[in-house]
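In order, the protein sequence lines correspond to chains X, D and W. According to my numbering, the first sequence is numbered sequentially starting from 16. According to my numbering, the second sequence is numbered sequentially starting from 16. According to my numbering, the third sequence is numbered sequentially starting from 16.
Worth flagging that the hints you see were computed from the coordinates, not collected in a lab. Honestly, I wouldn't trust all of these hints.
Below 35 Å or equal to it, Euclidean Cα-Cα: the simulated DSBU-like pairs (lysine-lysine) are [claimed, not checked]:
1. W:K145 to W:K17
2. D:K17 to W:K21
3. X:K145 to W:K21
4. W:K21 to D:K21
5. D:K80 to X:K21
Chain by chain, the residues run as shown.
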Amino acid sequence: MKSFRKELWFNIPQRRGFENITREVSDCVRESGVTEGLVLVNAMHITASVFINDDESGLHHDYEKWLEELAPHEPISRYRHNNTGEDNGDAHLKRQIMGREVVVAISSGALDLGPWEQVFYGEFDGRRRKRVLVKVIGE
Amino acid sequence: MKSFRKELWFNIPQRRGFENITREVSDCVRESGVTEGLVLVNAMHITASVFINDDESGLHHDYEKWLEELAPHEPISRYRHNNTGEDNGDAHLKRQIMGREVVVAISSGALDLGPWEQVFYGEFDGRRRKRVLVKVIGE
Amino acid sequence: MKSFRKELWFNIPQRRGFENITREVSDCVRESGVTEGLVLVNAMHITASVFINDDESGLHHDYEKWLEELAPHEPISRYRHNNTGEDNGDAHLKRQIMGREVVVAISSGALDLGPWEQVFYGEFDGRRRKRVLVKVIGE
């Protein structure tokens, strides 16, 4: 069995944003030499997500608006977590909707994705360096 | 290490619906010959889900009603994604709540599920052929 | 390839609660002898979750309040599932938001978690014995 590990670093300049990381994940799979296996891609931070959906700017606008309706950033006092001095209570909730991780099959040496599937880093408390873990296992 | 890959195809006649695919996934595990490992089951489409819950029609009605409250299909104009000519903006949101994938343990050659756990395909933009990927790795 | 399987049992005295299980999962990884691989941790019940987030009591209060807003326990008659004689319709919905499972990388013989990542059992229909499956594969 082969395994491979890499951290991808991000610094999203706004509080929230989505970044397509499909190519970086695909590069990890190639570098791993694994042709049949699984790749786990997970946010290493608890106010960020890794998810799979469409690379379409209208949809990303819809996600932003919808998550803000489901778990508004303000008022800050809405969240008891913010009593710790943080202002990111909402980010911990938004991340549960969008998920922490994805697991993708590796077949014939490549990411085994459907035609519109793209892997995204979802940031809900940005403006600082944060990272994603890519772990590949297989043969 | 062994690996196995199969696509399951669906054509749900309504816009939305849930289909129990536990037997199909179980058949894949048997066919793979893997006795200890993991099976990944994921929607290959970004307006569909694979999830695990109860096979109870009242619950499925509750999911349908609840998801429609959280991300209503109409008005179509509610979602900027629909400006692309699509009418499935809501389906991309509903799928994030229900999830893209499940990973299930394989132990002693069978799906290692709790007593009420059943695997479902969740369709949110049906009336066309769509597919699920089953990927098994292990020994 | 090595594999390892263990069930963790819980009996949360209230209907809902969160319990940090990071140490138990970490012990499984050590016991497995796997140094590079993946660990799947999943609820074996469909009214419970395994998720990763912060071990901060204010945040757990926020989750409790937020989930109760998104899928209220009462009135019981709100959920058709409860016509079966159950009163846990809400628990099946809350669990979809928080998720069934996490997959965590194992690197150099340890859980490969970010600095604040902690693994939790999330109970939404407690006051009885329920269990979580830990499955490790790797080398």
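Run through the hints listed earlier and report the numbers of any the structure violates, in increasing order. As far as the earlier hints go, only 5 is violated by this structure.
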